[in-house]
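> Residue numbers (the numbering used here), protein chains in the order written: chain A, 0 to 491; chain B, 35 to 505.
Some hints here could point you the wrong way.
[What the hints assert, rightly or not] Now the stretches of chain B that chain A is said to cover, found in silico as 3 or more residues with beta-carbon under 8 Å:
id: 1; region: 176–188
id: 2; region: 208–221
id: 3; region: 330–342
[To be verified] DMTMM-like, lysine to aspartate or glutamate: derived pairs with alpha carbons at most 20 Å apart:
id: 4; chain 1: B; residue 1: K128; chain 2: B; residue 2: D180
id: 5; chain 1: B; residue 1: K455; chain 2: A; residue 2: D107
id: 6; chain 1: A; residue 1: K164; chain 2: B; residue 2: D180
[Said to hold, decoys possible] The calculated label-pair distances, taken between Cβ atoms and stated as ranges, are:
id: 7; chain 1: A; residue 1: L422; chain 2: B; residue 2: D460; range: 40 to 46 Å
id: 8; chain 1: B; residue 1: I289; chain 2: A; residue 2: N478; range: 57 to 63 Å
id: 9; chain 1: B; residue 1: L85; chain 2: A; residue 2: I198; range: 39 to 45 Å
id: 10; chain 1: A; residue 1: G155; chain 2: B; residue 2: Y433; range: 38 to 44 Å
id: 11; chain 1: B; residue 1: S88; chain 2: A; residue 2: E197; range: 30 to 36 Å
Keep in mind the hints are simulated off the structure, nothing from the lab. Backbone N, C-alpha and C define an ideal beta-carbon position, used for all residues, glycine too.
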Amino acid sequence: MDFPILSTLIFLPLISSFFIFLSKDKKNISSAIYISLFSSIGTFLLSLFLWYSLDVNTADFQFVEEKSWINNFIKFKLGIDGISILFIVLTAFITPICIISCINSVKDRVKEFLIAILVLETFMIGVFCSLDLVIFYLFFEGGLIPMFLIIGVWGGSRRVYSAFKFFLFTLLGSVLMLVAIIVIYWLTGTTDITQIYEIKIPKEYQNLLWLAFLSSFAVKTPMWPVHTWLPDAHVEAPTAGSVILAAILLKMAGYGFLRFSIPMFPHASEFFTPLIYSLSIIAIIYTSLVALMQDDMKKLIAYSSVAHMGYVTLGIFTLTKQGIEGSIYQMISHGLISAALFLCVGVVYDRLHSRLISTYGGLVNYLPKYSLLFLIFTLAALGLPGTTGFLGEFLILTGTFQKSYLAAMLATLGVVLGAAYMLWLAKRVIFGVTKNSKIETLSDVNTLEIIMLASLAFFVIFFGFYPTPLIETISTSVNGLIDNYQLALNSR
Amino acid sequence: MIHDLNILLPEIFLSLSIFTILMLGVFIRKSFNIVFNLTSLILILIIAIILNNSNSTEKIFLDSFIRDPFSNYFKILILISSLFILNSSKNFIKENRLDKFEYPIIILLSILGMFFMVSANDIILFYLGLELQSLSLYILASIDRDNLRSSESGIKYFVLSALSSGLLLYGCSLLYGFTGSTNFDLIADQLSKENVGAVFAMVFILVGLAFKVSAVPFHMWTPDVYEGAPTSITNYFAIVPKVAGLALLIKFMFIPFSNILIEWQTILIFISIASMILGAVAAIVQKNIKRLLAYSSIGHIGYALAGVATGAVSGYESSIIYISIYVVMNIGAFSCLYLLKKDGQYKENISDLSGISKKHPLLAISFLIILFSMAGIPPLAGFFAKFYVFTAVLEQKMYALAIIGLLTTVISAFYYLKIIKTIYFDDSVITFESVKNKTAQVSIFLSCSILLTFFLYPSILSNLVNSLFLS
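Okay, chain A solo, but in the shape it has when bound (with noise of 0.2 Å):
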């Protein structure tokens, strides 16, 4: 292959940010918000014709490009496989839907909020596409200015405080990755992680190599304890911040656990998988049960993730076929549903600048298209059969149940506890009485809202009912991963 499409893929968006950044002021607001729109909607097609023309029967990586980067050093190495193709499409699929969300929600420096978003893409693809240690920090840790600037500018109230504490949470976890990142390259002299795969890393290195990502990527996830940070992002940053941080920048984490964590040290995968079992399981449970007090929707949505990235953990770590297919399913169903949410919560936002669920109530008498929606993915994310949200949930607990009876049977407690608040959320948002005046005058979702939650209710639906594409795209790739390690083990 020679046409660089991964290059392309990925600073497409920049070089188009760059147009915006040209494009006057004022008038042309509508001029900016189309160059953004048509740039990651073509970001999204490409995506959509890699996933197509990507060979989804082998393991090896697809599509690579390599370049001199630092002399003898590093390379500029890119290249995906089956994982990282569904990534990249959710990357570009969620973009343009955040692009439509900001034209009713974003009033102030527009200009702006979408040259942020741009550029948060084209680091967020960086990210799944990249196959250096280098490259990958490079993209992981770029991504965090944007971020910043999306909740610390056009954030809620305590905007400044959540933006800090979502930059330093994650600087502080990554420093120790590069730490790691710069011992891996004097162990094995290179840090491209196809060779470095072929190389192997000394066992007695892993374990402390392995905490060292562990601290990023813990974070990133986020997993309790550190976790408190994403309830405060997400109710600070506004909708399409929300968005983003929910359905991409979350999950860079999960596939970071399989990109590098399991396959370059299996055998501290191996001997921290109880860890990562117990702490999937307090933050399925615990997270849950704070995820019923709380009287913020976002919050709730919020902690709801957490639950649900703890399955994705969980099942990440079961290392058997079901737990890995089962959890990247249940992070691209997370990133479909979780973005649908907060979309719906901004979708009322605009309306009544009120996140309490107490201010709403009886929605579904004066806006019926509305509660449809809404009602649709609030089943999905308790994992209904027929949305993607179960499918996700029952593979990573038949794959749990192989290798933990008391980590499958705790986990799924959780299923229940989701049920609760999710339906209880449903309830008291959507139905019951009308207690506040101003909610008949309310208008129903328009056009651009309906464009925005049907495509995502679409395809929870429709990977719901027919998960073959997804599953045949990552089968290979996860075979392979799960064959690697076992031989890593059996070669000790």
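Let chain A serve as the given structure and place chain B on it in line with the hints.
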């Protein structure tokens, strides 16, 4: 003889032109403009001379003066940064009535001193260069002589710096006494761990040099002098003497002290860690931008010293890369200060920056880029600076230094974020005039472009620096 003079051509040209423009300044009325413009021309000409001259290693005058890629690199770095600093501060100098013709001449004199510092291969020559530089700097610090704070900072700097020069000189004489030579190469042969007196001498010299680059615990003068001196002088102080000081430090560690690495390594590790921590923690509470930049420069020197503390060539290279990127960032940061004017006054409080993102979006985004780069967030150039240093540190398996260093970057990220918060999240309090200062704007633009595009091809700088140590 002619050959020797040819090697010395940059220094000779510099001295002769200093005398020429000094005469011009004395005999022509209102000569600031002409002296200033000639100074810029001289700086450009010397860059041309150095680039035109051969780059091979040669030692002249009984091996006391050395011309090699290393010294040439630093000379060019000094010249380019001085050129940018002088020109972007021209408006500031005029508006604050500092436009005396001595100003650019003293700057040139200090550059001459630094040339001898980076080219010295002999204790005496190095000390002469250092003193020429220091004496020029004392005058510069108090150049705004009617201003109490400026005079105070000049005196403060003079007293402390003279003390450190004394220590340095004492170290030099001890070194001569215990090794019987003033030549760096001969000293290197003579030194060994058993030579306890020479180890003492090394400590004294290290203290003196640490003072010149303002590393903790010899940093006390930095915040006061930075705050008290006029911004244009602070700008110069924060960049050029640091470059020369670090070059000298690397040179000392690389040549005369290379055999007693064990002895100085611990000291440097301590100085480096202390600078990183103090630079990060003390900057948090600062309200004045210049004071904050002082602490931030202490922290940056800590990172650069971490590279030197490895005692390996890769470490020295990483320090040089670090200081080069530091120069680019600080030229940009200080040039931004020349654009913050209200009612004829240049503002230097952080709170004054609030809300400039709405009125001056370009200035705000430049600040943003520079500050994130200083915090070391990828993909900006500041990240690569830290990356090279910590790669070199971890190559020597100095895990504690690397981890402490990277944790302090998180702390220092906090205060950089605080400025960004003031710029972007807060509502504006005062409205700045739109200042016409083309040269400062060009400096900011160049600095930001380098910081932004550095990641595309970082090898340019690393290849250049790698070639310095080949000879």
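> For every hint, state whether the structure bears it out.
Status of the hints after comparison with the structure:
no. : hint                           : result
1   : 176–188                        : violated (count 0)
2   : 208–221                        : violated (count 0)
3   : 330–342                        : violated (count 0)
4   : B/K128 with B/D180             : holds, 15 Å
5   : B/K455 with A/D107             : holds, 17 Å
6   : A/K164 with B/D180             : violated, 46 Å
7   : A/L422 with B/D460: 40 to 46 Å : holds, 42 Å
8   : B/I289 with A/N478: 57 to 63 Å : holds, 58 Å
9   : B/L85 with A/I198: 39 to 45 Å  : holds, 43 Å
10  : A/G155 with B/Y433: 38 to 44 Å : holds, 41 Å
11  : B/S88 with A/E197: 30 to 36 Å  : violated, 46 Å
Violated hints, in rising order: 1, 2, 3, 6 and 11; the structure is consistent with all others.
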